[in-house]
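> Top line first, the protein sequences correspond to chains A and B. Numbering-wise, our numbering puts 24 at position 24 of the first sequence, and it's gapless, one number per residue. Numbering-wise, our numbering puts 177 at position 177 of the second sequence, and it's gapless, one number per residue.
To be clear, the hints were calculated from the coordinates, so they are not data collected in a lab.
Which copy? The list can't say, so a pair holds if one copy fits it or any two copies do.
In silico DSSO-like links for lysine-lysine, alpha-carbon gap of 27 angstroms or less: (1) K120 <-> K14; (2) K4 <-> K85; (3) K14 <-> K85; (4) K4 <-> K76; (5) K174 <-> K4; (6) K85 <-> K174; (7) K4 <-> K120; (8) K4 <-> K182.
Number of protein chains: 2
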Amino acid sequence: MLQKTALFDSLQGKLTGDHVSRSRRSLGDLSNVFLNEEERLRMNPDQHVYEVEMHDSCGEVEGGLFFGVSHVHPGKVGDEYFMTKGHFHQKRNRAEYYWGISGEGLLLLMDEARVCRVEKVFPGSLHFIAGHIAHRLVNTGSSSLVVGACWPSDAGHDYESIQKDGFSIRVMEKNGEPVFVKQ
Amino acid sequence: MLQKTALFDSLQGKLTGDHVSRSRRSLGDLSNVFLNEEERLRMNPDQHVYEVEMHDSCGEVEGGLFFGVSHVHPGKVGDEYFMTKGHFHQKRNRAEYYWGISGEGLLLLMDEARVCRVEKVFPGSLHFIAGHIAHRLVNTGSSSLVVGACWPSDAGHDYESIQKDGFSIRVMEKNGEPVFVKQ
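Let the hints inform the model, and build the full structure from the sequences given.
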């Protein structure tokens, strides 16, 4: 009667088992994401910036959920920390939870009027991302930033709005510390 | 610019900070849940059976999410292990994720035709609970069973269906091992 489950290693942030898929973004995939595009083009396009593991048992249905883990690697393009592309949800009112598993970084949250706020991400931090809020993870540390996530399976991703206009702030390293630079 | 977040201790399974509430079920709250009702009435009604911590930043809105941690204490009523009341979601198509944090137990999953299946819960187990599926946690171990959860904030709880008919199987201890008993 006992049924097999997927596995979520909440210390390492690793998903394994049935219904788990992985995707990866390398520098070559991230055109016009970082401020210094010339520097990105000089870097190795195969360098991994982040990976997402995702557990999908139901597909994109109303009332369904997905569960995932994001791993943002340490690194910079010029003075700008490695980060995710960031997105709004296609269905704008869909929320999401993030929680910090390992590493340290920042969660950029931007509303549709382009007003940004920032939450610190660290092992044990919990982040509610309301609907209508774009979200991006930035790794400001020296090890991978690993973050758990759960979101409605019918949320969808709108990367285009961010690809076009970006976030209204960027996170750059200055004298070894993260600073916020307005766009 | 940095904003305070709630905290989720994913080792201890403890939620703290703003928007976190706690609820508790003691033996006195759990009439007609266990098979041996006479034995339950002989026991201390103030004995805690389980607690739920919950992070609610958005209320019951479409597209919203709640995040929680359940702690089911070790114990038995007669030969039946301590467990949660169990519920369907009021909005039947709403799913939920559970993941094992500490302790060991079982997740009972029952569809609307009263067909049950069981998943083992342990640190690192991940459980997708589809819509239309009632769910109940059973602690078969000697320490607290601690389980993380994320679910749509408009799901609601239907405890009444379970209160009326129960689950179609019970988990009893026999010779120190859990066995399934059909109702």
